[in-house]
Amino acid sequence: MSRRSFLTIDKDQDPLLKNISPHARKSNDGNVNARSQGDNCTTATSGVSPYTGTFGRAELIHLLKRTMFGVKKSDLDYFTGKPLAEVVNELTSALPSAIPHYPLREYDSTVGKNGNGTVDWGGVALGQEWGRPENILSGSGGQLGISDPTADNFWRDRSLQKWNIGIALNQGRNVFEKLVLFWLNHFAMNSITLNYSQRSFLYTKLIRENVNTDLRELVKEITKDPAYLMYLNGQDNTANYPDENFAREIQELFCIGKEVPFDKRYTEDDVKMFARCLTGHKGIIFRQGTPYNFLGADYGFQVTDHDYGTKHNPVRAPKKLSAFYSNKVITDSNLYASTAGDSELNQLVDIMFDDTDKNISTLAGTEFEGWSRADIVSDFIVKKLYRWFVFSYIDDNIKANVIKPLANIYKQNNFKILPVLKILFASEHFFDMRHRGAMIKTPYDVVIGLLRTTNGEALANVSDVKQRYFHYNALHQQSLGMAMGAIESPNVAGWSPYYQMPQYHELWINSDTLPKRQDFAKRYCGNGGAGTWSFDSFQPTLNHIEFCKTLTDPSDPNGLINELNELFLGIPLTSNQKSTIKMQTLLTGQTTDNYWTQAWNAGSASGATTQQKNVITSRLKSLFDVLVRLEEFQLT
1 MSRRSFLTID KDQDPLLKNI SPHARKSNDG NVNARSQGDN CTTATSGVSP YTGTFGRAEL
61 IHLLKRTMFG VKKSDLDYFT GKPLAEVVNE LTSALPSAIP HYPLREYDST VGKNGNGTVD
121 WGGVALGQEW GRPENILSGS GGQLGISDPT ADNFWRDRSL QKWNIGIALN QGRNVFEKLV
181 LFWLNHFAMN SITLNYSQRS FLYTKLIREN VNTDLRELVK EITKDPAYLM YLNGQDNTAN
241 YPDENFAREI QELFCIGKEV PFDKRYTEDD VKMFARCLTG HKGIIFRQGT PYNFLGADYG
301 FQVTDHDYGT KHNPVRAPKK LSAFYSNKVI TDSNLYASTA GDSELNQLVD IMFDDTDKNI
361 STLAGTEFEG WSRADIVSDF IVKKLYRWFV FSYIDDNIKA NVIKPLANIY KQNNFKILPV
421 LKILFASEHF FDMRHRGAMI KTPYDVVIGL LRTTNGEALA NVSDVKQRYF HYNALHQQSL
481 GMAMGAIESP NVAGWSPYYQ MPQYHELWIN SDTLPKRQDF AKRYCGNGGA GTWSFDSFQP
541 TLNHIEFCKT LTDPSDPNGL INELNELFLG IPLTSNQKST IKMQTLLTGQ TTDNYWTQAW
601 NAGSASGATT QQKNVITSRL KSLFDVLVRL EEFQLT
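The sequence shown begins at 1 in full-length UniProt numbering and counts up one residue at a time.
Hints in this document: simulated from the structure, not taken from any laboratory.
Just so it is clear, the structure is predicted and the values come from calculations on it, not from any experiment.
Among the hints, erroneous ones may be present.
Ranges of calculated distance between the beta carbons of each label pair, as one might list FRET restraints [as the list claims (entries may be wrong)]:
id, residue 1, residue 2, range
1, LEU335, ASP108, 46 to 56 angstroms
2, ALA85, GLY172, 16 to 26 angstroms
3, ASP350, SER511, 42 to 52 angstroms
4, VAL465, GLU369, 57 to 67 angstroms
5, GLN302, PRO490, 42 to 52 angstroms
6, ALA58, TYR241, 56 to 66 angstroms
7, PRO502, GLU369, 18 to 28 angstroms
8, THR52, GLU90, 17 to 27 angstroms
Ideal Cβ positions, reconstructed from N, Cα and C, are used throughout, including at glycine.
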């Protein structure tokens with residue numbers, strides 16, 4: 001299916017949109033803008049040398065759209081006039097190292113230990129933070145004999161999702177929230193499937209507090225994370241009953257990847273050896289002398305479940321890895337040593353990230369010949385970053401001119417991603433016209449991005465805790481319906497638009513998600529959608545007049561459409577398109593611009609009558625309705 005053609009279906013069914021000619025593949029300056037894997041477009045040959053072209057409004061908007069959700073006029077004004085290096089530095093520096101606050105108890109509870117619901121099973125009152133260590137139920141809070149915590153656990157899981165949406169909606173002027181989403185996708189997990197709210201919270205907290213951590217250390221933390229120990233069966237992996245699930249994914253999805261040909265990389269025996277080394281790690285849900293701690297989240301190492309190899313039985317096979325891992329042998333820990341888990345995990349990570357062996361025999365004759373495993377890890381992660389922030393398609397030019405130098409930077413900076421992004425965001429390649437408006441927006445970019453662009457956060461950020469979280473839930477449900485939920489990955493590989501070739505980002509659009517994307521936008525700022533919001537009775541509606549007052553000159557119909565084009569659409573409209581849109585919306589069929597100017601001046605004045613306000617509001621709704629139904633609205 002041609003998704004570009006599919007995006008025009010709404011035009012074919014609407015007389016107004018039919019009059020807007022299909023978008024040319026070239027912008028007014030002749031440069032190719034949007035492309036897909038199916039387009040016969042040449043790819044960029046530029047590299048990561050510093051961008052020396054004009055850094056104007058268009059370039060700034062491109063940068064902000066790729067690093068944040070939507071573009072707020074206030075953010076645009078803040079960065080306007082600053083040199084590229086300064087903007088990139090602000091976007092990638094001083095990122096949060098701690099969560100801004102804990103999720104709140106906004107749910108009703110009928111299982112509180114006092115029996116009347118004023119506090120929940122963990123003793124947390126309405127409006128208080130349930131994720132804090134003192135509220136984790138370490139044996140002192142919940143009393144199983146009074147009530148079962150299952151209901152509270154269910155609502156805490158939902159509260160966690162709403163909390164994440166709220167933080168993203170109120171993000172700062174930096175790339176942080178998109179990096180959080182990147183790592184939530186890389187170490188993918190589904191909190192609803194897991195169904196242990198405190199574990200899910202601590203997993204999310206771990207990600208949020210380590211977006212720029214050395215990947216080696218983050219992998220170790222994920223390995224021992226109580227949520228992940230349950231999600232990928234790590235806590236079920238014992239010497240007598242090995243489970244290879246996490247042992248496979250730590251190589252295939254988290255570190256080594258699948259770029260190296262299947263028969264040249266790690267083997268099935270490597271998976272088995274990794275599983276043996278990783279036995280004994282536990283997410284503890286029982287504590288001695290306390291009731292069953294359903295909501296608890298502790299890590300522990302069970303010495304009796306670990307495979308001690310030759311230290312347990314001299315005739316047992318050693319933990320020897322394949323030629324891809326240079327035939328390394330893991331040193332067995334002493335029998336029942338409490339340090340065994342960390343010791344063997346550290347050895348595995350050191351071997352995967354080793355940069356000393358440049359003559360791995362299995363790589364001979366492949367494009368990876370002469371590479372170390374550290375090179376392979378770096379290549380894998382940088383390609384994921386590239387597909388996240390630039391474009392899905394990677395050819396030999398991009399591998400040589402972009403991926404390889406950035407992978408070297410990643411490796412040289414102890415496997416931290418911010419040094420890579422600082423170079424990428426200031427590069428010739430990033431600002432190549434081929435990459436502007438080239439990707440389909442994620443559901444977060446549609447939902448959160450549209451609200452942020454139009455200053456709509458205030459509609460959700462009400463003072464009442466229950467109401468505020470209800471609003472966040474409504475936004476979460478909208479995004480989830482478009483196939484992206486907060487901490488609700490469809491599987492351990494993450495969202496398919498980031499790994500499913502050859503479509504990649506085009507998978508965000510299909511016959512189910514496109515109507516939902518359009519319906520959300522039309523109900524928020526257009527003439528209404530096909531249905532109504534069904535979640536928590538919250539349907540945010542844009543105040544068109546107040547929003548347009550924040551723009552440069554809303555009394556000028558041409559300037560207004562140009563500015564909305566910049567903020568809403570991924571590609572500049574042609575002059576003919578903008579003229580047609582103006583005439584059929586703001587001018588309601590008239591030909592004189594002053595027809596709108598007079599209406600705006602009257603309807604936006606402090607003493608405007610309801611009728612005068614309604615005149616310009618109805619025209620603005622028609623304008624916004626057209627813009628969000630254009631295929632260009634789906635691009636970033």
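Hints, one by one, checked against the model:
For the hinted restraint 46 to 56 angstroms between LEU335 and ASP108, the CB-CB distance of approximately 51 angstroms keeps it satisfied. Checked against the given bound of 16 to 26 angstroms, the beta carbons of ALA85 and GLY172, roughly 19 angstroms apart, stay inside it. The hint said 42 to 52 angstroms for the Cβ distance between ASP350 and SER511, and at roughly 48 angstroms that hint holds. A C-beta distance of roughly 59 angstroms is found between VAL465 and GLU369, which places it inside the suggested range of 57 to 67 angstroms.
For GLN302 paired with PRO490, a C-beta distance near 31 angstroms fails the hint of 42 to 52 angstroms. In this structure, ALA58 and TYR241 meet the distance hint of 56 to 66 angstroms, their C-beta atoms being roughly 59 angstroms apart. Against the hinted window of 18 to 28 angstroms, the Cβ-Cβ separation of PRO502 and GLU369 comes to about 26 angstroms, which satisfies the hint. Range check, THR52 to GLU90: about 20 angstroms between beta-carbon atoms, so the 17 to 27 angstroms window is met.
Checked against the numbered hints given earlier, the structure breaks only hint 5 and satisfies all the rest.
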